[in-house]
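> If you read the sequences in order, they're chains F and H.
Counted the way my numbering counts, the first sequence spans residues 1 to 252.
Counted the way my numbering counts, the second sequence spans residues 253 to 464.
Honestly, the hints are just simulated from the structure, not real lab data.
Be aware that one or more of the hints could be misleading.
Here are the simulated lysine-lysine pairs, DSS-like style, with alpha carbons at most 30 Å apart [what the hints assert, rightly or not]: (1) F/K108 / H/K282; (2) F/K141 / F/K168; (3) H/K394 / F/K31; (4) H/K330 / F/K108; (5) F/K234 / H/K282; (6) H/K371 / F/K234; (7) F/K147 / H/K330; (8) F/K147 / H/K394; (9) F/K146 / H/K261; (10) F/K147 / H/K431; (11) F/K114 / H/K278; (12) F/K31 / H/K278; (13) H/K371 / F/K147; (14) F/K141 / H/K281; (15) H/K370 / F/K31; (16) H/K431 / F/K108; (17) F/K146 / H/K255; (18) F/K146 / H/K260; (19) F/K76 / H/K370; (20) F/K203 / H/K330; (21) F/K76 / H/K371.
Just so it is clear, the structure is predicted and the values come from calculations on it, not from any experiment.
These are the residues of each chain, in order.
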Amino acid sequence: MTSLKKSPEAGTILYEDTFSAACHWSMQMRKGTVLKLIDVEGGANAGMLFYNPTNLLERYNAPDTLKCQHTFKLTKGNCLYSDMGRIFCSITEDSVGWHDTVCGNTTKDMVKEKWGEKTYQDHHNDWNQNGYSSFLVELAKYGLGKKDMAANLNLFSAVSADDDGVLKFAEGNSKAGDAIELRFEMDTLVLLHTCPHPLNPAKEYPKKPIKYQIIQAASVTEDDACKNFCDENKRGFKNNEIYHLGGGYSHD
Amino acid sequence: MIKESLLKKENAIYSEVVPAGDYLLKVVKKGQTFRILDSEGNQAADTLFYNVDDPSERYSAIDTIREQGGLYLTAGSKLLSNENNVMLEIVADTCGRHDTIGGACATESNTVRYALEKKCMHACRDSWMLAIAENEEYGLSKRDITHNINFFMNVPVSEEGGLRFEDGISAPGKYVEMKAYMDTIVLISNCPQLNNPCNAYNPTPVEVLVWD
């Protein structure tokens with residue numbers, strides 16, 4: 001609902017905390033707030049999916065995101081689109097330079113084969129959690145299931161392709177202190193996990209925590225870098241504007 | 253990889269022409285081979301697959317490309333499900349490369365890609381919506397509409413992370429053939445897109461053939 005309370009000053013850190021390594025979580029981000037993720041040790045991975053909390057059938061769509069911006073990598077200036085032509089969030093800052101969205105998640109079997117099984121019984125919360133099960137747990141909290149799992153983001157991880165399409169995982173892509181800022185352009189349900197990227201060749205299961213901050217965003221100006229990144233993004237922002245005309249739950 | 257088929261058209265047990273803007277929803281049995289024929293060239297056949305016994309198991313683009321270690325689909329590619337099982341294998345391909353990261357066109361994404369005024373032009377995802385609505389017996393819903401294969405479409409990715417929609421590398425009479433490893437629902441939208449130069453702004457029919 002529209003609040004009569006004055007918004008905090010842009011840049012105000014409203015909340016901060018840490019997602020421990022190999023964990024999962026979900027949260028709602030309000031339009032006009034920024035989720036800043038910080039790779040504490042270097043080599044982190046954040047699996048992430050977005051849904052519209054008022055219509056869970058509207059969800060993050062990686063192919064739509066890539067093709068409308070003519071890019072395979074995601075970085076500053078890019079917007080992350082839903083399957084309904086709207087922008088969940090814009091990448092307003094990024095010190096990493098390349099984030100993957102086509103390689104999916106580790107599964108329980110994959111983790112067992114790559115890094116060995118570490119069960120909860122034996123290792124408690126230091127177990128070798130996998131990305132796929134992590135998303136299933138968070139999805140189920142909203143009445144969703146495996147049918148609702150789309151191609152996810154793997155923030156902080158980069159995978160390139162050569163001319164023949166052969167994939168290559170970039171080692172050392174994200175360093176300690178690297179950060180990405182997602183400015184939400186509509187209210188968004190965020191599902192995330194901090195399990196390793198499925199193509200990470202590390203010998204030991206990489207356990208990398210991610211610090212996060214929720215920050216009050218500045219208003220989106222006409223010369224905004226994400227909005228003006230390409231004509232497609234201008235139209236994406238227009239779609240959000242039209243959506244909020246009809247929504248009645250804008251938080252501006 | 254170009255690999256020709258030994259199967260003869262006259263021996264097919266089924267054939268159906270799918271005009272542009274239409275869909276085909278058909279079960280292909282385990283062991284059967286089916287072909288999509290690009291009748292007039294540079295058409296896109298936006299295709300999804302489901303396990304007949306449990307449609308929540310379905311073609312997964314991300315699992316397929318990760319496990320084969322490459323972006324493009326061609327002869328030898330095993331098409332994996334979200335359970336990482338092989339659903340089908342491409343056994344013949346005279347086109348050489350097919351896309352699976354470009355997704356399907358939608359009226360909503362057309363507004364972003366082309367113009368807000370293009371919002372009501374027919375699109376693949378609308379054909380799929382009609383397909384699931386007209387065939388309730390399969391139990392499919394919007395939740396089942398996931399990331400597809402674009403047979404005959406060429407979407408090259410550069411090493412620097414660029415992505416382009418190139419003119420198609422297909423031509424009249426080129427085809428791709430798959431063998432089913434499980435009883436599979438095949439859902440094809442023959443792409444009606446009028447705004448993309450990849451089909452010369454001229455969507456054309458494809459033909460689907462099945463052999464035992």
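> Compare the structure with each hint and give your call.
So, going through the hints one by one against the coordinates:
Between F/K108 and H/K282 the alpha-carbon distance is near 27 Å, which keeps this suggested pair within the 30 Å criterion. For the hint linking F/K141 to F/K168, the alpha-carbon distance of about 34 Å lies beyond 30 Å, and the restraint is violated. Using a Cα cut-off of 30 Å, the hinted pair H/K394 and F/K31 holds, with the two alpha carbons roughly 25 Å apart. For the hint pairing H/K330 with F/K108, the CA-to-CA distance comes to about 21 Å; that is within 30 Å, so the pair holds.
Straight-line distance between C-alpha atoms of F/K234 and H/K282 comes to about 47 Å, which puts the hinted pair past the 30 Å bound. Among the hinted pairs, H/K371 with F/K234 is consistent with the structure: their alpha-carbon atoms are about 15 Å apart, no more than 30 Å. For the hint linking F/K147 to H/K330, the alpha-carbon distance of about 21 Å falls within 30 Å, and the restraint holds. At most 30 Å may separate the alpha-carbon atoms for a hinted pair to count; F/K147 and H/K394 meet this at roughly 9 Å.
Between F/K146 and H/K261, the direct Cα distance comes to roughly 39 Å. Violation of the 30 Å bound is thereby established for this hinted pair. Restraint check for F/K147 and H/K431: the C-alpha separation of about 24 Å stays at or below 30 Å, so the hint holds. Straight-line distance between C-alpha atoms of F/K114 and H/K278 comes to about 38 Å, which puts the hinted pair past the 30 Å bound. Our distance criterion of 30 Å between C-alpha atoms is broken by F/K31 and H/K278, whose separation comes to about 42 Å.
With a C-alpha separation of about 27 Å, the suggested pairing of H/K371 with F/K147 holds against the 30 Å cut-off. Restraint check for F/K141 and H/K281: not satisfied, since their Cα atoms lie roughly 36 Å apart, outside the 30 Å limit. Between H/K370 and F/K31, the direct Cα distance comes to roughly 27 Å. Compliance with the 30 Å bound is thereby established for this hinted pair. Taking the CA atoms of H/K431 and F/K108, the gap is near 28 Å; set against the 30 Å cutoff, the hint holds.
The straight-line distance between the Cα atoms of F/K146 and H/K255 is roughly 35 Å, outside the 30 Å bound, and the hint therefore fails. The hinted pair formed by F/K146 and H/K260 fails the criterion: a straight-line CA distance of about 39 Å is larger than 30 Å. At roughly 28 Å between alpha-carbon atoms, F/K76 and H/K370 fall within 30 Å of each other, so this suggested pair holds. Straight-line distance between C-alpha atoms of F/K203 and H/K330 comes to about 27 Å, which keeps the hinted pair within the 30 Å bound.
A threshold of 30 Å between alpha carbons decides the hint, and for F/K76 with H/K371 the separation of about 28 Å falls inside it, so the pair holds.
Checked against the numbered hints above, the structure violates hints 2, 5, 9, 11, 12, 14, 17, 18; every other hint is satisfied.
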